[in-house]
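Asks: Chains A and B, in that order, give the protein sequences. Mapping the first sequence onto the numbering used here, position 315 (from 1) lands on 329, and the numbers just tick up by one. Mapping the second sequence onto the numbering used here, position 3 (from 1) lands on 4, and the numbers just tick up by one.
Errors might be hidden in some of the hints.
Here are some of the chain A residues that sit facing chain B, going by a computed Cβ distance under 7 Å [unchecked claim]: (1) K285; (2) I286; (3) I288; (4) G289; (5) G291; (6) L327; (7) A330; (8) I332; (9) T338; (10) L341; (11) L372.
Here are the simulated DSS-like cross-link-like pairs (lysine-lysine), alpha carbons at most 30 Å apart as the crow flies [claimed, not checked]: (12) B:K12 - A:K148; (13) A:K142 - A:K167; (14) B:K313 - B:K12; (15) B:K350 - B:K313; (16) A:K261 - B:K14; (17) B:K193 - B:K113; (18) A:K142 - B:K12; (19) B:K313 - A:K148; (20) A:K24 - B:K387; (21) B:K14 - A:K24; (22) A:K261 - B:K33; (23) B:K350 - B:K432; (24) B:K14 - A:K142; (25) A:K167 - A:K24.
Bear in mind the hints are in silico, worked out from the structure with no lab data behind them. Don't be surprised by glycine CBs; every beta carbon is placed ideally from N, CA and C.
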Amino acid sequence: MLKYSDLDWKLISSALALSLIGVLMIMSAQYHADSEFAQHYYQRQLIWLAIAIVVFAVVVHLPLRLFDVTAYLLYGVMLAALVAVLFVGSTRMGASRWFSFGPINLAPSDLAKLTLVFALARFFAYTKLGAASKRRLALSFMLTVVPMALILKQPDLGTSLVFPVILLALWFWSGLSLLHLFLIISPLVSLLAASHWLAWAVYFVVLLSILFLLRPGMLFGVSAVVTNLASGIVTPFLWNRLAEYQKLRILSFLDPGLDPRGAGYQIIQSKIAIGSGGVLGKGLLEGSQTRLDFLPERHTDFVFSVIGEELGLWGAMIVITLFTYLLYRAIRIAARCRSRFASYVVFGASSIFLLQLLVNVGMTLGVMPVTGLALPFISYGGTSLVLSWTIVALIVSADYHWQEY
Amino acid sequence: MNKLILTTTQKEKVALALIAAVIIFLVAGLVKLQIVDHPQLAAQSENNRIRVVPITPRRGVVYDRENRRLIDNRPSYTVSVVLAEMVPDETLANVAELLGLDTLEIRRRIRKNLVNRYQPTPVKRDAAFEIIAVLEEQSFRFPGVTYQIEQVRRYPENMSSETFTGYVGEVSSEDLGRHSYPELRLGSMIGKKGLERYYDSHLRGQEGTACIEVTATGQILGQYEDRLEVSAVPGADLILTIDLDLQQACSDVLDTFCCGTIVAADPRTGEILAMTSYPSYDANIFSSVIPDSVWQDISSDSSHPLLNRPLKGLYPPGSTVKFVTVGAALEEGLVTASSTLQPCLGGYKFGNRVFHCWRPDGHGWLNAVHSIEQSCNIYMYQLGLKLGVDLLSRYYGHCGFGRATGIDLPGEEVGLNPNSTYYDQRFGPNKWTRALVMNNSIGQGEVLVTVLQLVQFVNGIINDGVVYRPHIVKNIVDANGEETTIAPEVSFRLPFTPSTLDVLCEGLRLVVEGEHGTARSLQTDQYTVGGKTGTAQNPHGENHSWFVGVAPLENPEIVVCALVENAGHGSEVAVPVVGEIIKSYMQKRLDTTDLAAASIGDKD
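Isolated chain A (complex conformation) (with noise of 0.2 Å):
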């Protein structure tokens, strides 16, 4: 039987701090607002909290070798739902996201995070193969990249960049070296040098240095010079081939001003919101651009601008305090685990937190593309929230579990 007084209260409360702090600022976004059901935000907002809590509740009870050995299936009822979706999704917005099933709409890509941590540390607990071997990794990549396409295709580029830093953060902790890493992502990092000659040229003066200096064996060398020079070459021809919709969300990300009515001006809204916050905030309820609508969607991906604003420095910082708090407990966990699969659905998980909160507090500074990834805990959204809380129960169950192999 459980032990609930053994269980990690300090990271349970901050979760719990950061719900509700997520109420509340979704019902002062809100408070305002014309219609009645936008008014309302807040109360279903409380409703799925008490469902977040349940679940946390049931998931808290469940032993982790359940996920462990179901982690496969799981990940093909995910796929399956995936596919689904595309086609039996209501759309909204051009997307299609969401099973509806009367008042409550189930994005099946948020719960595609959670199995895919499943599946890969399934995967990487079990292995046999070296933590640099090709297989492993091809294997891996594979298991992430069929359900991030699938995402892509709803579209949801914000939720599909999650997933390669899943795979990431578990190659990572799985064993696999930083200089590997960095020469997996170095084609990345010349996509974005590219962008100049300049750029890309000290790149790869630095890139071949450390190859030389650490050489880490012919193959992965040049498959990696050769990957860097490809996507370098590339880079040209995909902006051409970006939606003119996407290169100004690029564009206006490097230069909000550039177009201020359109993708500029939820960055400008939300700069202006935060900033006029300064550092003890406007009062809660009192956030004049919140309360005007110049913000937009500003209880579900800018809900973090409604803090700054009428909360102001101090308020901001207690949430990035306890995100912090809470990260930091997470992976003490996950080092402390001695069950692999443990250690990694932790790490994995957090890995997951900590993206959104760069991303999404990122975005509303105007430091971070616009992605539309949602903050955990407080953004406006019930599958987020029960993902938030799910992911809390897999690391407190962990945490309680920890010297179980």
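Chain A is already provided as a structure; the job is to place chain B on it using the hints.
Replies: For chain B alone, kept in the frame of chain A given last:
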């Protein structure tokens, strides 16, 4: 390679370091926005939610000299689009259909007037009530479309008065760039022509501002209390020197001809009593956005309705300026009032060319006065040759030709007063003959004048040589009711002594009353009239017909000048036109004197 594989503790440290890096990155971003950029962003946040709305003041009303309304304002509906609230593909298509415009046109108008996304951008001024009714009833079909009630200028119709009224229009971005109008913004209305432009700063008043709180979708939450509203100051009213009845008479009488212009002025003050140009257009069309087709019609019309003939029309003055020639000769002592020169036999041989008189069988012996009365060319040729090009030109200049009259309206043309320098430039030094002066002496050749200059000149002749600056505004009444009267202002004096002026006035009288006068048809028992006919040869077609008339002769109150384009002899066309105007003026004057006399009689 093995040294590269990290222990769990090392991996933990790397992971924590990565988390720390992310957190530091985010906190740095927060500090930058919330501490470093805070003042600037806080100000922006204010500007965002407080919409500063301009309050357009009432534009000043314009009255005629008897306080009858000439230009006033009427309420109208302006359909505007708020970009921030527009639904792409839907709004524009629907509003285009409603307004009967195509979407490109609407986009063009939005671009032209856009101040910012949150402010209504006018796309159709003076929309019909039916359109507003549809907007109100089916507002769901027109997201982002609003309307305002605006004041629109109303100009007199069928009076061809836009020669002086001009019109107002939306200020263009070029206007804003050229002049410093801190008080203007795109979409504001400013005077574009005529007195609307000349007196724009008086008429416009001062725009006020209201601060309202708005949402991003433009929903108005109400007045913003923290900032005071600055109320608008209505524009000043103008009282013109124009007499509405006379203006109407001028407009009516011209109606039967193709093209022409009439100017009537009071010689004692320089006040313009009527000023009209025909054909004309309706200034009201500029009150709303002019459809391109209408504009095309007007601007491509071969009769040039857009030409402001009294101010900008340049014509050879013909015989009307024989006063200058005779006056100059008298002043220079070349002739006396009774001097006779070689008799007019219908032609005058100069060099190997014969210059003709308008009367083929000639006028015979004439003195100075009778040369004016009968408008004899031969007499003038001889005077012109005695004077020479430059002396004649100097007299033309002193009589106000070749320079602006300084009327309080924009865009006046100065005409052309040729002298030897001009001819040297045009034909080359010494490559022109003295015969050119003969043409100039009868108002032909290169001399070009405006009707206004001629009126001013005749004003001077009958006003003892004193020329008042022509003006059209009598009083400016500002918003506080304070009145500024525009006093008559002496512009210059004619270069003639009283005795010369007497001769010229006598000539003026004989043109109507003389035995051989060219305008004898104007003789009447009720009042005395003087004048001078003119027939200006027009290289492009039929002669222009001139007449400038004065009444009553013994104490002149009105000078009327008519020019009818391509109409033939002055005595046949322009004379009866001016006669009508003078009749109308004198009739009204007699009526009012009768009335005054009657009321005095009542008192007794």
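Asks: Each hint: holds or not?
Replies: Hint by hint, here is what the structure shows:
1. K285: Constraint on K285 of chain A satisfied, holds at 6 Å.
2. I286: 5 Å, holds
3. I288: 5 Å, holds
4. G289: With a closest approach of 3 Å, the G289 of chain A hint holds.
5. G291: 6 Å, holds
6. L327: With Cβ-Cβ at 4 Å, under 7 Å, it holds.
7. A330: 5 Å, holds
8. I332: Hint violated; I332 of chain A Cβ to chain B Cβ min 12 Å, cut 7 Å.
9. T338: Since chain B brings a Cβ to about 5 Å from T338 of chain A, closer than 7 Å, the hint holds.
10. L341: 5 Å, holds
11. L372: 5 Å, holds
12. B:K12 - A:K148: 22 Å, holds
13. A:K142 - A:K167: 34 Å, violated
14. B:K313 - B:K12: 89 Å, violated
15. B:K350 - B:K313: The given pair, whose Cα atoms are some 36 Å apart, is violated under the 30 Å limit.
16. A:K261 - B:K14: 37 Å, violated
17. B:K193 - B:K113: Roughly 17 Å between the alpha carbons, so the hint for K193 of chain B and K113 of chain B holds.
18. A:K142 - B:K12: 21 Å, holds
19. B:K313 - A:K148: Given that 30 Å is the threshold and the Cα spacing comes to 89 Å, the pair is violated.
20. A:K24 - B:K387: 118 Å, violated
21. B:K14 - A:K24: 21 Å, holds
22. A:K261 - B:K33: Measuring from Cα to Cα gives roughly 27 Å; hence the hint holds.
23. B:K350 - B:K432: 20 Å, holds
24. B:K14 - A:K142: Distance ~26 Å between K14 of chain B and K142 of chain A Cα, so the pair holds.
25. A:K167 - A:K24: 39 Å, violated
The structure does not agree with the numbered hints 8, 13, 14, 15, 16, 19, 20 and 25 stated previously, though it agrees with the rest.
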